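For reference, the chains in residue letters:
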Amino acid sequence: EAQVTQNPRYLITVTGKKLTVTCSQNMNHEYMSWYRQDPGLGLRQIYYSMNVEVTDKGDVPEGYKVSRKEKRNFPLILESPSPNQTSLYFCASSFDRDSNYNEQFFGPGTRLTVL
Amino acid sequence: AQSVTQLGSHVSVSEGALVLLRCNYSSSVPPYLFWYVQYPNQGLQLLLKYTSAATLVKGINGFEAEFKKSETSFHLTKPSAHMSDAAEYFCAVSETGTASKLTFGTGTRLQVTL
Numbered sequence: 001e002a003q004v005t006q007n008p009r010y011l012i013t014v015t016g017k018k019l020t021v022t023c024s025q026n027m028n029h030e031y032m033s034w035y036r037q038d039p040g041l042g043l044r045q046i047y048y049s050m051n052v053e054v055t056d057k058g059d060v061p062e063g064y065k066v067s068r069k070e071k072r073n074f075p076l077i078l079e080s081p082s083p084n085q086t087s088l089y090f091c092a093s094s095f096d097r098d099s100n101y102n103e104q105f106f107g108p109g110t111r112l113t114v115l
Numbered sequence: 116a117q118s119v120t121q122l123g124s125h126v127s128v129s130e131g132a133l134v135l136l137r138c139n140y141s142s143s144v145p146p147y148l149f150w151y152v153q154y155p156n157q158g159l160q161l162l163l164k165y166t167s168a169a170t171l172v173k174g175i176n177g178f179e180a181e182f183k184k185s186e187t188s189f190h191l192t193k194p195s196a197h198m199s200d201a202a203e204y205f206c207a208v209s210e211t212g213t214a215s216k217l218t219f220g221t222g223t224r225l226q227v228t229l
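Quick mapping for you: the protein sequence lines, in order, are chains A and B. Every letter in the first sequence is one number past the one before it in my numbering, and letter 56, counting from 1, is 56. For any residue, its number in my numbering is found by taking its place in the second sequence, counting from 1, and adding 115.
Errors might be hidden in some of the hints.
[Stated by the list, open to error] Residues on chain A that point at chain B, a partial pick, calculated with CB under 10 Å:
no.	residue
1	E1
2	Q6
3	Q37
4	G40
5	R44
6	Y48
7	V60
8	Y64
9	C91
10	A92
11	S94
12	E103
13	F106
[Unchecked claim] Chain B residues, not near chain A, derived (Cβ > 10 Å throughout):
no.	residue
14	S141
15	E179
16	H190
These are computed hints drawn from the structure, not numbers from a lab. Here the structure is a predicted model, which is why all the values come from computation and not from measurement. We put the beta carbon where it would ideally sit given N, CA and C, even for glycine.
Isolated chain B, as found in the complex (with noise of 0.2 Å):
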């Protein structure tokens, strides 16, 4: 069975500071990796997904994320925080190896003060 653990609800850093939202996921095959951002009031946008190819997968928005099987995490990095970023992020994760049947961690809220 999948699973998907989303350490910290909450995130709070600077504007211009590094963000970094951490991941781990449980998979009994290789899995599909997904980051899904969501702004207020508006439904979830993929960000990036890892699909066993590169281990560096960049996304939109300036956001990357690395897959790192020996430590099973998919941790979510971006350079420089903007305003723009503050959103609720989610972590999901696919055994199927399509896109269907995901399997969503709980979220994390990023805020980005001045």
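Pulled out of the complex, with its shape left as it was, chain A reads as follows (with noise of 0.2 Å):
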């Protein structure tokens, strides 16, 4: 089944400690993002890759970190967490090509609280 996988799923966790949230597509897509949800802001781009090795800020990139060493797997570091990372996460994947039948494929959600 293609599909875009995130773990954990669920994580709470304290001010400062490392974490990392692990984002993986079978779809062998080129494009792998990572996204912030927050009410009343929607969804907030952190960083994204075009392909293996190439990764780029995206709107709200503070305070992350992200890494394509492979072309199936984009995870989210978080070197010292704070509690305004506090949020819900999304990873998508698509194919970076002009094509009428290309959309972005979601993630179902990791839920990170920061005490």
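Join the two chains into one complex using the hints; note that each chain is given alone, in its own frame.
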């Protein structure tokens, strides 16, 4: 089944304790992205990657890191989490080509609470 | 720069009534436009998309949207609401000609009442 998976789905942690949220897709997509969703703000892009070893900042990258060593994986790293990073996080992927059949596929989300 | 405005953070309709969710966009180039739906505790699912073909786009679950360049709008409609339509709906725009690099609106939560 074609899908984007994220782990963990729920995480409660404390300020300053490094964490990684994993994201994996099995559709051979070039493009992958991380978003955070906050009430009243919609989805805001954190980082994106156009292909292996190619990453770039989105609209709200502060406090986050990413890596793209393999095409299928795009982990999100919080080196020193703070309470303002409490949010619902989504990973998404798509082909990066001009096609009428193109769409972004989203993972199920990771709800992160930083105390 | 691209942006999306969704008018109304909450919309309530009766079951069987018309659903109208509004989306206006700003884009410096001909845009690709998308509507996504998010059911409770789930990720986002594509409802429909406009990619410069037909201006009236039909999607899943009976939804459709019309691209109006003169009004810079891409409103989502459904003739008859069902209880199962209760969800949050997001409009998104892409200027890249692909589905990547989406900019999302702030979302509209649809409530359907009996």
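Hint by hint, here is what the structure shows:
A hinted interface residue such as A:E1 counts as satisfied when its beta carbon comes closer than 10 Å to some beta carbon of chain B; here the least separation is about 14 Å, so the hint is violated. About 9 Å separates the beta-carbon of A:Q6 from the nearest beta-carbon of chain B, less than 10 Å, and the hint is met. Interface restraint check for A:Q37: the shortest CB-CB distance to chain B comes to about 8 Å, inside 10 Å, so the restraint holds. A hinted interface residue such as A:G40 counts as satisfied when its beta carbon comes closer than 10 Å to some beta carbon of chain B; here the least separation is about 6 Å, so the hint holds.
Annotation: interface hint on A:R44 holds; nearest CB of chain B at approximately 8 Å, less than 10 Å. Evaluation of the A:Y48 hint against chain B yields a held restraint, the C-beta minimum of about 7 Å falling below 10 Å. For A:V60, the suggested interface contact is broken, since its CB lies about 12 Å from the closest CB of chain B, more than 10 Å. Using the Cβ-Cβ criterion of 10 Å, the hint placing A:Y64 at the interface with chain B is not satisfied: the shortest such distance is roughly 17 Å.
Annotation: interface hint on A:C91 holds; nearest CB of chain B at approximately 9 Å, less than 10 Å. The criterion of a C-beta within 10 Å of any C-beta in chain B is met by A:A92, whose closest approach is roughly 8 Å, and the hint holds. Because the smallest distance between the Cβ of A:S94 and any Cβ of chain B comes to about 4 Å, under 10 Å, the interface hint for this residue holds. At a threshold of 10 Å, the smallest CB-CB gap from A:E103 to chain B is about 5 Å, leaving the interface hint in force.
Taking 10 Å as the C-beta cut-off, the interface hint given for A:F106 holds, the closest approach to chain B being about 4 Å. At the 10 Å boundary, the C-beta of B:S141 stays outside the reach of chain A, the nearest C-beta of that chain being 15 Å off. Look at B:E179: its CB is around 17 Å from the nearest CB on chain A, clear of 10 Å, so calling it non-interface holds up. With 10 Å as the threshold on Cβ separation, the claim that B:H190 sits away from chain A holds: the shortest Cβ distance comes to roughly 17 Å.
In summary, the numbered hints that this structure violates are 1, 7, 8.
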